[in-house]
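These are the residues of each chain, in order.
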Amino acid sequence: MAAVVERVEGRGCVLRGNDIDTDRIIPARFLRCVTFDGLGEHAFEDDREQAKGDHALDQEQFAGARILIVGENFGCGSSREHAPQSLMRAGFGAFVGQSFAEIFAGNCTALGLPCVTLEPGDLATLMDSVELDPEQSLVLDLTARTISSRAGTMAAGVRDGTRMALLEGTWNATAVLLEAGDDIEQTGTRLPYVAGFPG
Amino acid sequence: MTTPLSLFDKVWNAHAVRELPDGQTQLFIGLHLIHEVTSPQAFAMLHEMDLRVRFPGQTFATVDHIIPTDSQVRPLADELAEEMMVALEKNCRSHGIEFFDPASGHQGVVHVIGPELGLTQPGMTVACGDSHTSTHGAFGAIAFGIGTSQVRDVLATQCLAMAKPKLRRIEVDRVLGGGVYAKDVILHIIRKLGVKGGVGHAYEYAGATIEAMSMEERLTVCNMSIEGGARVGYINPDETAVEYLRGREFAPKDEAFERAADWWRSIASDEGAHYDDVVKIDAADISPTVTWGINPGQALGVVEPLPHMTQVPDADRPGFAEAMEFMGFRSGEPVAGTKIDVAFIGSCTNGRISDLREAAKVARKGHVAPGVRTYVVPGSQAVARQAEEEGLDEIFRAAGFDWREPGCSMCLAMNPDKLIGREMCASSSNRNFKGRQGSPTGRTLLMSPAMVAAAAIKGAVADVREVL
Ligand code: SF4
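Just so you know, the protein sequences line up as chains A and B, in that order.
Mapping to the working numbering: the first sequence position 77 is 77, numbers consecutive.
Mapping to the working numbering: the second sequence position 433 is 1433, numbers consecutive.
Hints were generated in silico from the structure; no laboratory data involved.
Incorrect hints may have been included.
Said to hold, decoys possible - Once the Cα atoms are required to be at most 30 Å apart in a straight line, the calculated DSBU-like pairs of lysine-lysine come out as:
| hint | chain 1 | residue 1 | chain 2 | residue 2 |
| --- | --- | --- | --- | --- |
| 1 | B | K1418 | A | K52 |
| 2 | B | K1192 | B | K1166 |
| 3 | B | K1010 | B | K1365 |
| 4 | A | K52 | B | K1192 |
| 5 | B | K1192 | B | K1253 |
| 6 | B | K1339 | B | K1164 |
Claimed, not checked - Using C-beta positions, here's what the derived DEER-type ranges look like:
| hint | chain 1 | residue 1 | chain 2 | residue 2 | range |
| --- | --- | --- | --- | --- | --- |
| 7 | B | G1400 | A | E119 | 36 to 42 Å |
| 8 | B | G1400 | A | D58 | 52 to 58 Å |
| 9 | A | A144 | B | A1256 | 55 to 61 Å |
| 10 | A | D58 | B | L1051 | 51 to 57 Å |
| 11 | B | E1048 | A | D58 | 50 to 56 Å |
| 12 | B | V1073 | A | Q59 | 42 to 48 Å |
Where a beta carbon is used, it is the ideal one built from N, C-alpha and C, also for glycine.
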């Protein structure tokens, strides 16, 4: 059983912009590896280089942040788990945004990292609040489905299944899937193509 | 009377092992394809959990992302690439998984070889640690791109925990004009529905235009479902799909083939099946399409002028400004005429034999313009052999194109094929994200392979209809 994820608490980092894709989160050249070790330092490497120290991940006020606050369709593009792996290794334990690409969100869940959504108005308020006061601590409470900050407590959207998997510590799906036992073989061999289309 | 069902429902139900406590479905995966980039960490996790591959016979491997396209001779010049290759060989050997390595003659981009070997069949669930797994939906399979932890799940259990998406039917009707290809159809769909339009949805592509397409064209359409936000895209199996599979190496043989074909036909969506919504597209509205920005939805007809900020909806303005600045385009001018530095023909979107044939038709009309670097990269060794048999390689070479060995190549530039600096690339691949082709400031214009060939010989983006 994996660890239970009920709350993530810590400072926020505001990364503005929509449709931030996985090639930007972790450029493909860093996928030339057989482990995920060391990916943390390369998160957003090309964007950061072009921003010359101005990128959210390089701004001093956000150093040590636990919660990454993003815009719409964050993590679109490839299925590379290297993207959430690099952000996790860069210190992030949760993502708050307007919306997330599906495979990215699924990869996050598989790592025990919640992706929660806010209404656009709330998101704008939270972003402003964290930028004005980056020292404040945010609390993402999955049980209550809220995110609290100096700007108040906001309703956080999270899919029921994801929330349950995190709250019950079943986000490492392998263990859960194995519980089906022989039912897996039975479902498989019932499929005509697995059985070889017998006459 | 039984309730009419969509293909999606039929396939989903047939593969459901059980409902999981969190409301997701435990889904059996009929075909698991793996490659060198997203599998080594999954095997490491498997070993840590002391587990074996549950159905090694339903799992197949190839090497595509890191393979160089100048020479496949081992050891690979890039040490990291060689290390990844060795890891895959070792993992396949120790788990009894068939590996289509370069020596097998079957190596190629994972989404090209699955169909051409007949591994991908209608009614299957297919998973692969690669977002373009949606490609396999062209046969009426439900095919998902997954992350590495999920690759581990499939290796260990042959199952995935999945939430059932909504289903959208996209009907494309009427006849495509000359010089308009499957690539233009899918770029047009993404342009209309947006890059996040498909999030939470599976797409069923239907209508007369789709039904008239060859399997290879259907593969191009389904391939880019993910660029529209849809993790799954499929087309109902019909006689085109059945005939494509007849005689393929891994397709059923003889009488079993006929039984298979009956089953394949039976899993197509029933008349009156339920869709969460239906979108209609008129094929006559589609012209040769190119992307001008930094996501695949930022596309327009090649001769249409780029919009002015005032014509862009408020919410899209920051993205519009960022893209225009990055690409160096000006409002009011069309993409046609944009000088290019590089031309790339290949990828799992457009690296099949029909793509090379269409591009060769254009290549025959001229010679690569001075200063343009080209890469023609077949999607697989089988595609390369077929092309060489037809003399396409000679046509390309004679026209000054660089004919390469199969792999992903400049689609994502994990091998030595890369843009340099702010180079502008006409590309038949699927993503125009910043940095996608290996240079953080490199620029990508997505288009059909025939359009790429036209751009290469003109030295600038051109309307392929003027060249044909
Ligand atoms: S060709 Fe491109 S999109 Fe296709 S599998 Fe290779 S890298 Fe991915």
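Against the structure, the hints:
no., hint, result
1, K1418/B x K52/A, "holds, 23 Å"
2, K1192/B x K1166/B, "holds, 19 Å"
3, K1010/B x K1365/B, "violated, 48 Å"
4, K52/A x K1192/B, "violated, 35 Å"
5, K1192/B x K1253/B, "violated, 42 Å"
6, K1339/B x K1164/B, "violated, 45 Å"
7, G1400/B x E119/A: 36 to 42 Å, "violated, 55 Å"
8, G1400/B x D58/A: 52 to 58 Å, "violated, 44 Å"
9, A144/A x A1256/B: 55 to 61 Å, "holds, 56 Å"
10, D58/A x L1051/B: 51 to 57 Å, "violated, 40 Å"
11, E1048/B x D58/A: 50 to 56 Å, "violated, 34 Å"
12, V1073/B x Q59/A: 42 to 48 Å, "holds, 47 Å"
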